[in-house]
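This is what each chain is made of:
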Amino acid sequence: MSLNTLFGEKKAEAKKIVFTSVDQYPEAPISLGTTLSNFTGDWRTFIPVVNEDKCVKCYICWKFCPEPAIYIKPDGYVAVDYDYCKGCGICANECPTKAITMEKEEK
Amino acid sequence: MEYKPIRKVVSGNYAAAYAALHSRVQVVAAYPITPQTSIIEKIAEFIANGETDIQYVPVESEHSAMAACIGASATGARAFTATSAQGLALMHEMLHWASGARLPIVMVDVNRAMAPPWSVWDDQTDSLAQRDTGWMQFYAENNQEVYDGVIMAFKVAETVNLPAMVIESAFILSHTYDVVEMIPQELVDEFLPPRKPLYDLADFEREPFSVGSLATPADYYEFRYKIQKAMEEAKKVIKEVGREFGERFGRDYSQMIETYRTDDADFVFMGMGSLMGTVKQAVDILRQEGYKVGAAKVRWFRPFPKEELYELAKNVDGIAVLDRNYSFGMEGILFTEAKGALYNTDAKPLMKNYIVGLGGRDFTVNDVRKIAENMNAVIEKGELDVEVDWYHLKR
Ligand code: SF4
Ligand code: SF4
Numbered sequence: 883m884s885l886n887t888l889f890g891e892k893k894a895e896a897k898k899i900v901f902t903s904v905d906q907y908p909e910a911p912i913s914l915g916t917t918l919s920n921f922t923g924d925w926r927t928f929i930p931v932v933n934e935d936k937c938v939k940c941y942i943c944w945k946f947c948p949e950p951a952i953y954i955k956p957d958g959y960v961a962v963d964y965d966y967c968k969g970c971g972i973c974a975n976e977c978p979t980k981a982i983t984m985e986k987e988e989k
Numbered sequence: 034m035e036y037k038p039i040r041k042v043v044s045g046n047y048a049a050a051y052a053a054l055h056s057r058v059q060v061v062a063a064y065p066i067t068p069q070t071s072i073i074e075k076i077a078e079f080i081a082n083g084e085t086d087i088q089y090v091p092v093e094s095e096h097s098a099m100a101a102c103i104g105a106s107a108t109g110a111r112a113f114t115a116t117s118a119q120g121l122a123l124m125h126e127m128l129h130w131a132s133g134a135r136l137p138i139v140m141v142d143v144n145r146a147m148a149p150p151w152s153v154w155d156d157q158t159d160s161l162a163q164r165d166t167g168w169m170q171f172y173a174e175n176n177q178e179v180y181d182g183v184i185m186a187f188k189v190a191e192t193v194n195l196p197a198m199v200i201e202s203a204f205i206l207s208h209t210y211d212v213v214e215m216i217p218q219e220l221v222d223e224f225l226p227p228r229k230p231l232y233d234l235a236d237f238e239r240e241p242f243s244v245g246s247l248a249t250p251a252d253y254y255e256f257r258y259k260i261q262k263a264m265e266e267a268k269k270v271i272k273e274v275g276r277e278f279g280e281r282f283g284r285d286y287s288q289m290i291e292t293y294r295t296d297d298a299d300f301v302f303m304g305m306g307s308l309m310g311t312v313k314q315a316v317d318i319l320r321q322e323g324y325k326v327g328a329a330k331v332r333w334f335r336p337f338p339k340e341e342l343y344e345l346a347k348n349v350d351g352i353a354v355l356d357r358n359y360s361f362g363m364e365g366i367l368f369t370e371a372k373g374a375l376y377n378t379d380a381k382p383l384m385k386n387y388i389v390g391l392g393g394r395d396f397t398v399n400d401v402r403k404i405a406e407n408m409n410a411v412i413e414k415g416e417l418d419v420e421v422d423w424y425h426l427k428r
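Chains as they are written, first to last, in the numbering used here: chain A, 883 to 989; chain B, 34 to 428.
Derived from the structure by calculation, the hints contain no laboratory data. Small disclaimer: the values here were computed from a predicted structure and weren't measured. Misleading hints may appear alongside valid ones.
[Unchecked claim] Computed from the model, here is a short list of chain A residues facing chain B with C-beta under 10 Å:
(1) C970
(2) G971
(3) I972
[Said to hold, decoys possible] Far from chain A, some chain B residues (derived; all Cβ distances over 12 Å):
(4) S152
(5) F204
(6) H208
(7) Y232
(8) D252
(9) F282
(10) D296
The beta-carbon is built from N, C-alpha and C at its ideal position, and this holds for glycine as well.
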């Protein structure tokens, strides 16, 4: 079964643009392409952590994630793409077996 | 082609409409409000007469007028609108949008007092309340300056990619007829070539992109800095454009603060807009009577000409700041700005604020004389009687 997310498949090409000096920015605030270069996962406080011992591969989290930032690995377990996960906690809330816990992210 | 002006007797509002026409604006989106209405009526008339193919968008509010200008400008078009008072206030949110998205829209604001109580007469508080929106502001003294100001504002705005407001007085200019020297179309075209936009939302060849989407705390700050850099750059551009305008058409605008008989002046009157015409006339009379006075007309309030103010202030004993506006809880708005601009310098003239002409209260040569007498006494004594003088108040 292949239920991978868009991001899960395309991830190889993704490269975040990071500006380190004011001169690198465009003059006007325009987007510089798609989310392949604009990562959206850097404003969260909590991150979801999957415990595979409890996971029953129901994919409810995959279905509910609004980003979507959850993808399905070849072994059938789910994993979180932290480049795009915004830390909303919906996956943890929906998981029927409490296999996902939200943990404070250290930056 | 040699410059031969076309002289027309027009109101300040018609001068604005002709200037928009001669600037070859492509989109006008506007909503009527007294005393601005005859600007957009005149533009509608140009279109109805087949003189232009301007896209005219009649909208349901001023907020929408500015929104439509923003949309047009984001596709690279030259966009224009006009408003007054409550209409300008209703645009407020969109004004931030125009500057934030770096769109060189030009708007004429006909200064009108804010309600209540209702008033349709001259007062600068409407435009000055938009001080922090990232728009440049040019205050016209007469109908000629309204016409010249709009054409120059497009050139400055499109060079630095910031919007600009050209401001004229209700009725004193908007509905008063005067001779205006207009520039033949080919010569305006040479002075003001077609716009080269920073980006074009209607460019379907390039990768899709969005304008003004989210910037996190990691990036927002830099975009704000860029607006300030553009404002600083605008000071240079304004002087160059003003000089070029003078060389081509005989009226020099290279000074952001126009100085009039200030060279040997003991003190100067400083203010903005049409009231400075009255002040200049009074200066001539006062000079004959032995007062060494001059006038300093602040043409551009944003960007604020700090450096020019310093050059003026270091050579005078006093500055009488005439504010046809008020910031409640403080003082006249130009007064605050001028004092602030000089605080960290060695120029320390005595500065006094006269609140004049609010809501169209008549301000005459005789008033300037009375202020001169008071200012003279203040300077002789070396201390202020009051800092903020509600000059006309019935007591
Ligand atoms: S926390 Fe929100 S964004 Fe992140 S994986 Fe879970 S549902 Fe998706
Ligand atoms: S919702 Fe829970 S149990 Fe279902 S796939 Fe996601 S982590 Fe596994």
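Which numbered conditions among the earlier hints are violated in the structure presented, ordered from lowest to highest?
Those not satisfied are hints 1, 2, 3, 7 and 8.
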